[in-house]
Amino acid sequence: MKSKKSIFASLYRPAVMLSLTVLSGCSIGRFGNDSKLFVAGPRLGDGKEWRQYPVVVDFDRDGKLDILATHRRPLHENSLVFWKGDGTGGFTSVEQNWPSPGYSGLGVGDIDKDSDLDVVAASHFNRVHTLIQDSATANSPALKERVMPTTDGYIAAHVLELSGDGIPDLILLGNERAGIEIYNGDGEGQWLLEQQLAYNTIGRDLKIVDMNKDGMSDLVATLGRGGGVKIFTQGKAEKSQNTIWNEKTLPDLGSKTGEFRSIDVADIDGDGVLDIGLNGGFAGLAEKNGPDVFLSRSGDQWVPISDGLKEWRNPTPGIAFGDFNGDGHIDLVAGGNSEGQLDEEAYGLFLFLGDGGKSWRLAEDSGLPETGLARPHAIVARDLNGDSVTDFVVTHGAPEEGTGYVSVWFGVAPQPS
Numbered sequence: 000m001k002s003k004k005s006i007f008a009s010l011y012r013p014a015v016m017l018s019l020t021v022l023s024g025c026s027i028g029r030f031g032n033d034s035k036l037f038v039a040g041p042r043l044g045d046g047k048e049w050r051q052y053p054v055v056v057d058f059d060r061d062g063k064l065d066i067l068a069t070h071r072r073p074l075h076e077n078s079l080v081f082w083k084g085d086g087t088g089g090f091t092s093v094e095q096n097w098p099s100p101g102y103s104g105l106g107v108g109d110i111d112k113d114s115d116l117d118v119v120a121a122s123h124f125n126r127v128h129t130l131i132q133d134s135a136t137a138n139s140p141a142l143k144e145r146v147m148p149t150t151d152g153y154i155a156a157h158v159l160e161l162s163g164d165g166i167p168d169l170i171l172l173g174n175e176r177a178g179i180e181i182y183n184g185d186g187e188g189q190w191l192l193e194q195q196l197a198y199n200t201i202g203r204d205l206k207i208v209d210m211n212k213d214g215m216s217d218l219v220a221t222l223g224r225g226g227g228v229k230i231f232t233q234g235k236a237e238k239s240q241n242t243i244w245n246e247k248t249l250p251d252l253g254s255k256t257g258e259f260r261s262i263d264v265a266d267i268d269g270d271g272v273l274d275i276g277l278n279g280g281f282a283g284l285a286e287k288n289g290p291d292v293f294l295s296r297s298g299d300q301w302v303p304i305s306d307g308l309k310e311w312r313n314p315t316p317g318i319a320f321g322d323f324n325g326d327g328h329i330d331l332v333a334g335g336n337s338e339g340q341l342d343e344e345a346y347g348l349f350l351f352l353g354d355g356g357k358s359w360r361l362a363e364d365s366g367l368p369e370t371g372l373a374r375p376h377a378i379v380a381r382d383l384n385g386d387s388v389t390d391f392v393v394t395h396g397a398p399e400e401g402t403g404y405v406s407v408w409f410g411v412a413p414q415p416s
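No gaps in the numbering here: position 25 of the sequence shown is 24 in numbering that gives the first Met the number 0, and each next residue is one more.
It should be emphasised that the hints constitute simulated quantities derived from the structure, not laboratory data.
Be aware that a few hints might be false.
[To be verified] Within a straight-line C-alpha distance of at most 30 angstroms, the following computed DSS-like cross-link-like pairs (lysine-lysine) qualify: (1) Lys287 with Lys247; (2) Lys235 with Lys247; (3) Lys287 with Lys206; (4) Lys63 with Lys112; (5) Lys212 with Lys247; (6) Lys357 with Lys309; (7) Lys287 with Lys357; (8) Lys206 with Lys83; (9) Lys83 with Lys63; (10) Lys143 with Lys247; (11) Lys212 with Lys287; (12) Lys235 with Lys255; (13) Lys206 with Lys235; (14) Lys143 with Lys206; (15) Lys309 with Lys287; (16) Lys112 with Lys212; (17) Lys255 with Lys287; (18) Lys206 with Lys255; (19) Lys212 with Lys83; (20) Lys357 with Lys35; (21) Lys357 with Lys255.
Please model the complete structure; the sequences and the hints are all you need to start from.
Spelled out as structure tokens, the structure:
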């Protein structure tokens, strides 16, 4: 295959250099005296309403992680934004020489198998945009775009190979009724709908992992309109190579509203089996709210271990697992609202330290603000600056005001005691 220059290499001429605006004015410290585990990084895309998951990936293949995200408002601006990372925690906005898809679930993968990463933007506005990096347009203001009209908008998109043919496929989470759609790819950016799961449910969040350790990717979703939390595992139909999806609803994983806004998975207790964390569920008007965590047990049993997690009044989206303090146990970062207000500075981020599957403890003075932030929607944990400490990126959006930003938080290496 002939080598070709990534189109984005031609787009790194001076664009807007984002200042490292620290999230000042945020209240820290109500909960005590733990050593600070996070410091604020740059605040990106200020003044725009961000909702869907950002993609944190080395998009231009230079060995440094970049950030892609879409904003909901303002509607008149190009919603798809790409920040090039410098490997030390700085990010530069790249000139937007591509069409705007509207705010979208984003998936990234090498769709046409040319070693360049491509983008799928599954738009809220009932269409799927596939943006292919192409050498023929390396000096042009546009990527090669294919647009596929659909009957629903979307919350999330994932690009990965499922069918065994070596060509990336597309998995979408619908907004209002589509449920989960699975498309076969042709290797050129066109998609053929193969299966539709959980139709007529509202999509909230979707993770793709191997839940049953059979070497195949499974789907873990949280859904509205009665969908609840579901796991779809892969199988093969008898006398056929066609993939079938075995659906399992997890009735023990519920909230008063019957749904959760955010989901993540990790092996919390070290037994080799993935467990589930949820946020954005509603415990009740007179109850404290916060994340929920369930350990997987044999016989399709799910054991709640949410002690220490219920710390605030209003349910809030956003959850990510990781070992944030370096003690070998899985911790979690979550969005929360401890004051009960709904304005654009009412929310915070909270670190809960795990002990290997028994309980959780809210980290005191972790460096994360407990209030002063716009509503968090999605959290992605990665090592952004190459120091082997887990950092994370958060999309924030205040729907009433139509404002927000993308915040970056850097983990601090634990100091020896």
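Hint check results:
Simply put, Lys287 and Lys247 have alpha-carbon atoms about 29 angstroms apart, close enough for the 30 angstroms limit, and the pair holds. A hinted pair counts as satisfied when its Cα atoms are at most 30 angstroms apart, and Lys235 with Lys247 qualifies at roughly 16 angstroms. Distance check on the hinted pair: Lys287 and Lys206 sit about 26 angstroms apart at the alpha-carbon level, within 30 angstroms; holds. Under the criterion of a C-alpha separation no larger than 30 angstroms, the hint pairing Lys63 with Lys112 is consistent with the structure, at around 21 angstroms.
Using a Cα cut-off of 30 angstroms, the hinted pair Lys212 and Lys247 holds, with the two alpha carbons roughly 16 angstroms apart. Note on Lys357 and Lys309: the hinted pairing holds, with a Cα-Cα distance of about 15 angstroms set against a maximum of 30 angstroms. For the suggested pair Lys287 and Lys357, the alpha carbons sit about 20 angstroms apart, so the restraint of at most 30 angstroms is met. Distance check on the hinted pair: Lys206 and Lys83 sit about 25 angstroms apart at the alpha-carbon level, within 30 angstroms; holds.
Only pairs whose Cα atoms come within 30 angstroms are accepted, and Lys83 paired with Lys63 is accepted, the gap being roughly 8 angstroms. Only pairs whose Cα atoms come within 30 angstroms are accepted, and Lys143 paired with Lys247 is rejected, the gap being roughly 39 angstroms. With a C-alpha separation of about 35 angstroms, the suggested pairing of Lys212 with Lys287 is violated against the 30 angstroms cut-off. Taking the CA atoms of Lys235 and Lys255, the gap is near 36 angstroms; set against the 30 angstroms cutoff, the hint is violated.
Simply put, Lys206 and Lys235 have alpha-carbon atoms about 21 angstroms apart, close enough for the 30 angstroms limit, and the pair holds. Annotation: proposed proximity of Lys143 to Lys206 holds, straight-line Cα distance about 28 angstroms (limit 30 angstroms). Only pairs whose Cα atoms come within 30 angstroms are accepted, and Lys309 paired with Lys287 is accepted, the gap being roughly 5 angstroms. In summary, the hint linking Lys112 to Lys212 is supported, as the alpha carbons are separated by about 27 angstroms, within the 30 angstroms threshold.
Taking the CA atoms of Lys255 and Lys287, the gap is about 12 angstroms. The hint holds against a cut of 30 angstroms. Distance restraint check for Lys206 and Lys255: the Cα-Cα separation of roughly 23 angstroms lies within the 30 angstroms cut-off, and the hinted pair is therefore satisfied. With a CA separation close to 35 angstroms, the supplied pair Lys212 and Lys83 exceeds the 30 angstroms bound. In summary, the hint linking Lys357 to Lys35 is supported, as the alpha carbons are separated by about 24 angstroms, within the 30 angstroms threshold.
At most 30 angstroms may separate the alpha-carbon atoms for a hinted pair to count; Lys357 and Lys255 meet this at roughly 24 angstroms.
The structure fails hints 10, 11, 12 and 19 (numbered hints given earlier, in ascending order).
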